[in-house]
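FYI, in mature numbering (1 follows the signal peptide of the UniProt record, and there is no 0) the residues of the sequence shown are -19 to -1, 1 to 437.
These are calculated hints, taken from the structure and not from any lab test. Don't take each hint at face value.
[To be verified] Straight-line alpha carbon distances no greater than 20 angstroms define the calculated PhoX-like cross-link-like pairs of lysine-lysine that follow:
hint, residue 1, residue 2
1, K268, K212
2, K171, K160
3, K432, K233
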Amino acid sequence: MCIPCGVAGLACCCTSAACSCCCSFCPGCKNSTASRLVYGLILLLGTFLSCLALIPGIQTAIQKIPYICDKAQKDVNVCQRFGGYLGVYRLCFAMACFFFLFAVIMIKVKTSKDPRAGLHNGFWFFKILILLGVGVGAFFIPLGTFEEVWQYVGMVGAFLFILIQLVLIIDFAHSWNEKWVEKMEEGESKGWYYALLFATVINYLITLTGFILLYIFYIGRGTDDGCSLHKFFISFNMIACVGFSIVSILPKVQEVLPQSGLLQSSVISAYTMYLTWSSLSSNPNEKCNPSISEITGGGSPTATPSSSQSQPGLGAEDWVTLIVFLVCIIYACIRSASNNNVSKLTGGDKVLISDSPTSSENTNAGDAEKGGRNVWDNEEEGVTYSYSFFHFMLFLASLYIMMSLTNWLKPSTSTVDGLTSSVGAMWVKISSSWICIILYLWTMVAPLILKNREFN
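Kindly produce the complete structure, drawing on both the sequences and the hints.
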């Protein structure tokens, strides 16, 4: 598996020579991995363009392009749709439509011999054209109803993606701990022990720092400011973090789940505090929700990111969200069959997105090397992951990035760029943090409750 193979696959939309040239630098790449990486790159490119749409002054720059705005004199709002929150809505709408279409088309694809598998793994030039066509058309959708309806669709889809992201993060935490503990036990050096200890301490320090900062800046300045709910959210989630950390090292849990430990708990604790912060920042109550500028000492308490007229831009929460999102998408695209904790979490027998070898894989790899090809088909006997589910996950990811970049705010009818806060976003995010806690606790107590099930 290698990222250059994904880039090479993207280059194949222009010429097969480019693909061969790029893949010559790869030691070897499965077709299943290369395809996932290309789709992941498409999503990340769309995310990058959405971030560009939020750059201050982008609309002014677009309005200076004569061909675009001179042709839109009858509709004065056309140019404004290319930037700000409206631009993000339309870019993510195009990506969501693209991935949802392929999620439907790829239902029940079993092997690479299915004609639809060829569409999934190839025809990049035509797929890029389809995506560009939908993207261009999205910018001509009239203002009004679209933003209102798509905001609710985005909120539901984003919540579902948060659940998938939770599974990926828990999967990552378990895999990280297992590999480092295994290396620590195999080697005589104490280096891995100190690395494990250092990573755990850092994650808990991040959690503790987040807890303190949230209590300082998000609980209001008085007793009648209506911020008691914030105090409950922060306190409850911190107590929960301490609780599942203790559970992870209980003798009974260690007996049935030896790989359980504080490293996973520290990762989940830090992520829970991030979700808590994200939830509190969506509260429409200005007294309980200071702006980033105020936190850094340079703003007024009334200028909140959730005020009735919020302007486009990327704040600290957005950057943290993008980093977590980027890590999860890359992990989902390249993780191998050894990272199969998702199947354990759900109690199923199959991994949602895996890359397990087949009996003919080594033969195909050898033939590929002899033939000078570095990308080979490893799915002739059966697909290594669900094509439909993978595209559906990217569909939800498109909605999640749309809601995150627009701060989960509701489009305002009074101005093109202005949005109004939605208290529903706060409850969606805080609910996701509680689901995260419950899901992680379940991974530890399930072997104790369901003793007849295999959890090794």
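Okay, the hints, checked on the actual structure:
{"no.": "1", "hint": "K268 / K212", "in the structure": "13 angstroms, holds"}
{"no.": "2", "hint": "K171 / K160", "in the structure": "15 angstroms, holds"}
{"no.": "3", "hint": "K432 / K233", "in the structure": "13 angstroms, holds"}
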